[in-house]
Every structure is written in structure tokens, then in C-alpha cells.
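Student: Using the sequences and the accompanying hints, generate a full structural model.
These protein sequence lines map, in sequence, to chains Y and S.
Following the working numbering, the numbering of the first sequence begins with 1 at its first residue and continues without gaps.
Following the working numbering, the numbering of the second sequence begins with 574 at its first residue and continues without gaps.
List time: in silico BS3-like cross-link candidates among lysine-lysine, alpha-carbon distance up to 25 Å: (1) S:Lys640 x Y:Lys200; (2) Y:Lys310 x Y:Lys245; (3) Y:Lys201 x S:Lys640.
A few chain Y positions that, by computed beta-carbon distances, are all more than 10 Å from chain S: (4) Gln181; (5) Val186; (6) Ile238; (7) Phe376; (8) Arg497; (9) Lys527; (10) Gln531.
Hint data in this document are derived by calculation from the structure and do not stem from the laboratory.
We put the CB at the ideal spot given by N, CA and C, even for glycine.
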Amino acid sequence: MKVEAKQEMESTKKLVTGADVLIDALVEAKVDTIFGYPGGAVLPIYDAIYRSNAPFEHVLSRHEQGSIHAAEGYARVTGKPGVVIATSGPGATNLVTGITDAMMDSLPIVIFTGQVANSVIGTDAFQEADVMGITTPITKYNYQVTDLLELPKVVKEAFHIASTGRPGPVVIDIPKNISSQLSDAVYDDHFILPGYQPNKKPNPLQITKLAEALNKAKRPLILAGAGVVFAKASEPLIAFAEKFKLPVANTLLGLGSFPGSHELSLGMAGMHGTYAANMAIYECDLLINIGARFDDRLTGNLNHFAPAAKVAHIDIDPAEIGKNVPTEIPVVADAKEALQALLNTSAEPGDQGSWRDHLATYQREYPLWYDRSEGFISPQWLIEQVHKLSNGEAIVTTDVGQHQMWAAQYYPFEKPNRWVTSGGLGTMGFGFPAAIGAQLGAPEELVVSIVGDGGFQMTFQELSVVKEKSLPVKVIIVNNQALGMVRQWQESFYEKRYSESLFMENPDFVKLSDSYGIHGMRVEKEKDVPQVLQEALTYDGPVVVDCRVVQETSVYPMIAPGKGIHEMIGVRK
Amino acid sequence: MRRIITATVQNRSGVLNRITGMLYRRQFNIESISVGASETEGVSKMTFVVEIEDHQKLEQLTKQLNKQIDVLKVSDITEKAIVARELALIKVVGSGQLRAEIQGIITPFRASVIDVSRDSLTIQVTGRPDKVEALISLLKPYGIKELTRTGVTAFLRGQQPAQVTELNSFTI
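Tutor: Below, the structure written as C-alpha cells:
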């Protein structure tokens, strides 16, 4: 009886395209936003989107790079996978920077690229590119769908791989014959990945070892990275730090995982980190790295990194442990699980003597500093004003370079998932499109995109998207008419030979915004900043503010390349 | 140090490219790779011979291999009781009397002549790489016209001496 009913159902099941099957799989994966750009090889997919009543919104970028950075911003803020669609050939290759960025910063992104029909793959067909070959080294995993029956399974697997363990980008390359194929097949999306079993629970033995080390440590320190944010482990991190009275330094991408105003916070460590955070790393006798990867911009010269410390490292990715820094206590686990296990031990805080007073002295004696210019706008001061006028509660996105470092230094975060920056790859043009994704992911929040005049010019075409979708993103251009960080390095290490780093021409950003139908403002004098920023941040809609800042300004303190973490320059005025 | 590492992998398309690409990108120095079917359908076996600086690099190599989604198991079998073999085909210049001389050289290696032409002969030899190496150096003076080697393939012997420690397991 049952069998007959099923047969009946199957025979009446209507023919649908592979693209329709894809849409169903996306609905199944609970996708609410898609960032994409159509083209020949994805026409069947876009036709299916047009015909579908699926409950997701498609956001049409103006360049595929805009799509993927927006998806990254969305993923950072929501913790959910960002979804991208691009066509074959140039559509796919335009995504390469963003995919690499997501790989370096462990962002869960699922990317669908169109591909030429299977019958012409390998013939150098129109708009054909070897997407599998190109994306293999920059993805956590990639697929080319060769059989429509596999599609729902592949999609489900891709979302699973992208969002579990150490997150990362997954590419699904779909030949046009697959997306246009008609079928009434019944799909099975059940999958098994025997080679992929991320270990979330910590080994109790290692937790005991770490607890013992904690008890013995005289100068313990936590280094909290983005792994804390991905694991949603901020609360247990605060509880852990408070219970054991542990000072906390953050990596660039870990900012927000621990409240910036907390008395145990030392701020950011690394190349442009605070004196206290870097010296704490140099002097500590127990360094507990939670979800950071000991990147070279953090460590400086490895020979001088935490020379006195026993190193413990909690990471979901075993390959990160011991990669750059020898590690005595490896804990392969999800940060939240590990922190909860540590909180559940009977371990007691050790006697730290004057360690925290010592660090407090550093904080007092060597605070962040900058020169406030007479009348003109100092970029650091500008960021402080943005922080003040947004009550420190905005979601902040940036590109890479000086403005990024100043935002990291002068915009302390109290909560996770509010700091959206390109850390590992250091991608110019990231910040503005990322703000679009961030705003779509958090429609009720104030999203401020702090960008440089250089980076903004790489992706400002996305202003159309902001206008089209009425997204109230606030763009603050820290405009020094230069590639500030390049200029700074040329000043410090190349005897002020400013080779190709100063812009002789920039567009009129106010008129540019106007042409997109977006409110643009310019501010050149310090005294006008509070009023202009106030207007911008409270404006009902998108705003672009061109802030003319002093060009000859450098980011300090700084660990010069090749130097140790204790050899900072510019620690004092 | 030279290490022999084996990996069992899911036989999905692109897996070899993904693995060799990773090894190249992370600057691991591969001497040979051999890939082929295993006892399980859909699962392939890879054998790598790598030249590696130190234990830290070695640990990275096994971890990075393990991290690949299609990799099921990675073992460093260098210090275990193993059987390791490779095959080489060697085309040597030789006619007339030289043939008998060459035959005399290869016999102790249990190599065999598998093709003969008017002025050359092709020798097949299997064994551990050092044995293959030794034969090649003995044949060199005769003039090697062509040489191809498969790279090592290896696995554990049926019985392991008890005292050998598991090098591949990390205390994590």
C-alpha cells in the first residue's frame, strides 16, 4: 500500500531544473541572504531565483569582489555562513581575493560558481576558467558537481564543512548542463565524511595539565584570538579570566572577544599593539593562547617571542598548534568547551605576586599616544570621536593599513562580532562591501565603515547597492591622500622615498556620493568634526564622510620588521 | 632526515592535486609520491618519501595532511618494521658481449631483462630504494639511455617488534 502511494507520488512529481534543486537545497540550509552577480553560466540559477518564492534576499553587487566581501561581513557579524553566487570564468576569478581572505581569516562562506557545460570543459570554451584548480589552495574544500543527483548532498556537505571545525570557504562549481538539466529524481542528501571529524571536546588530561600550570604560574597571560569569537566563548572567557585573575591580550581579529574596558584587558598585542600587551607576552611565564594562530604580525621575531613562557594553546585546528611557536600544553578543542572544562576543574589561582601591578604600571606609563594637530584632524583623534559618538557600540568594518590599526587601537569593543576587518590577507577594498553584508546581517545595528581613501577607491562601486537596498551604512573615509602605511614604511625604512604612495588626484568624494544619490559630507577642520560626525551617525540613511586628516602621521607603537616583541619603537611621545 | 609517510585517502576527484598543492605551498620537499588503489574500494593509498629538516616540520607535515578533508589516516612508518619497494626500468646501451656482462651484474639484484633490441636492453628491478640506487650506479658506466622509477610504496610488516614507539601519535 505504502509502496504504491510512493510510486503514485513519484510519477506525479513534476520535472524541475537542477537550479530549482539548488534553490531547495539553499532553503533547506536556512539561507536568508545571497550575495551574487549573474552571467551566462548561472542563467539557469538566476532564472530559478526569479521563479522561486524562497524566503531569501538576493543582493546584486556591482563587482563580484563586492559580493564576497559582503558575504564575509555578513558571516563575521552573524556567525552564519555567507552565500555567494558568481558566473564562470571572470565571475569566479573576481572572487579569488575574497575567497583567499575568507580562508586566511577562517570565515564560513559557501560560494557557487557557474561553469561551462560539461561537454566543453577543458576546451578553453568562452568564459571557462579552471575554478577547481584556482580555488583548491584557497578553500577549505571545493567541489565540481558532475551528477545532478549529488547536488543536494554536496550543498549540505559544503555548509557543514564551511561552518564547523575551523570555519572556511567552500566552493561548489556547477556546470551549466547540471543547473539546466530537467529531472524528477528523488534526492538523498545524506552524507558521511570519515576524514573530517573536528574534535570539539578537550582531552581531560591536557585540561588537568593546564590547570596545574595555571596554579604554578607567577606571570600568567591569556592571548585571545578570533577562535573565541567563532566558538561564541566570550562569556566563559570573561569568567575564566576573572576566576584566575588573568590579564588578557587580544590579537587583531580577537578584538571584542574580551571587553576592551575590562580591568584585565591589556588591549591588542602585536606589531602595533600596546606596550603593556607586548611586554606582558615578553615577560609572562605562562601564555595561554585561545584561538589565535601566532601570526607573524603578532609575534614579531620568533626568537624573542614569549621567551620565558610555557605555552599552552587551545585551538580547534591541530595543525595550528606548534606551527610557529613550540607548545608544551596543546589542547585541541572548541574554545568554549575548553574554557568550560577549565572552569569546572578544582584548580585554584596561583600566587601572582605583583604581576598585575607591574602590568598596570606599564599601562599607566606607556599608554597609546598621538600628536594632536593644531586645527587639522589627527586620524587617531578622529577615531576616538567616532567611538565616543557611537557610544562604542557600532559594528566597525575596515580595510587594511593605518586607519585599520588606528581603529583597532582607538575603538575598543565591548562585545564580539562587531569588529569586521581583513586580518590575515590584509585586503584593501574589504571594508566598505563588508559593511553592506554586516548591515544586512544586523539590520538594527549602527554599522560604521572606516576606510582609507585608497581602499575605498577599490570597491566604492558598491555605493549603488547601499542606495538600492537603503542600507544606512556610515562610511568614514580617513582621507590622507596617500597609501598611509606604505608611506609610513617608506618614511621609516626607505629614507622618505615616497615611491607611488602619495595620491596626486582623488575624486571629490562628496560629489561621487551625490552621483549615487547618497548624502556626502566633507570635514577638514578639527572643530567641525563632532558636529559632522554627529549628523552622519544619526542620519537616516547611508552617508559618506570625507575626513581630511594629517598625512604625515604614523602608527605607533611599532615593532619594526625582524625585531622582537619587546623592541617597540614610538612607545612614548 | 628522510621519512616515509603513508596516507589513506578518499578517492575523490582533485584529491591528489589538493594534497600535492598543499605540500608545494608549505615548502615540503617531496622525493617521491606513489598513489594507487588500496584494499577498500573508493580508498587510495599514497606513499610519500620526504626530506625533512626537523621534528617540528615533520609534525606539521602529518598535521597538514590529516587536516585535508579527504585524508583518512596518516602514518609515519619510517622507524617501523616495514616492507618498502620501488620499481625501476633502466635502458642500458649494450650489445654482443656486453650483454652477458650486464646479465652478470644484475643477477645478484634479482633484476631481469625485459626487453632487448639491437643496441640496448631494458632491465627491471624492484626492491628498496638503496638497492635500486646501487644497481643504477653499477650500470652507469655502460651508458644509461633512459631511466624511470615509480617511487616507493610501503606498508607495515605483519608483525611489529614490541619496543617501537608510536611516533605518529601526538599527545593531544
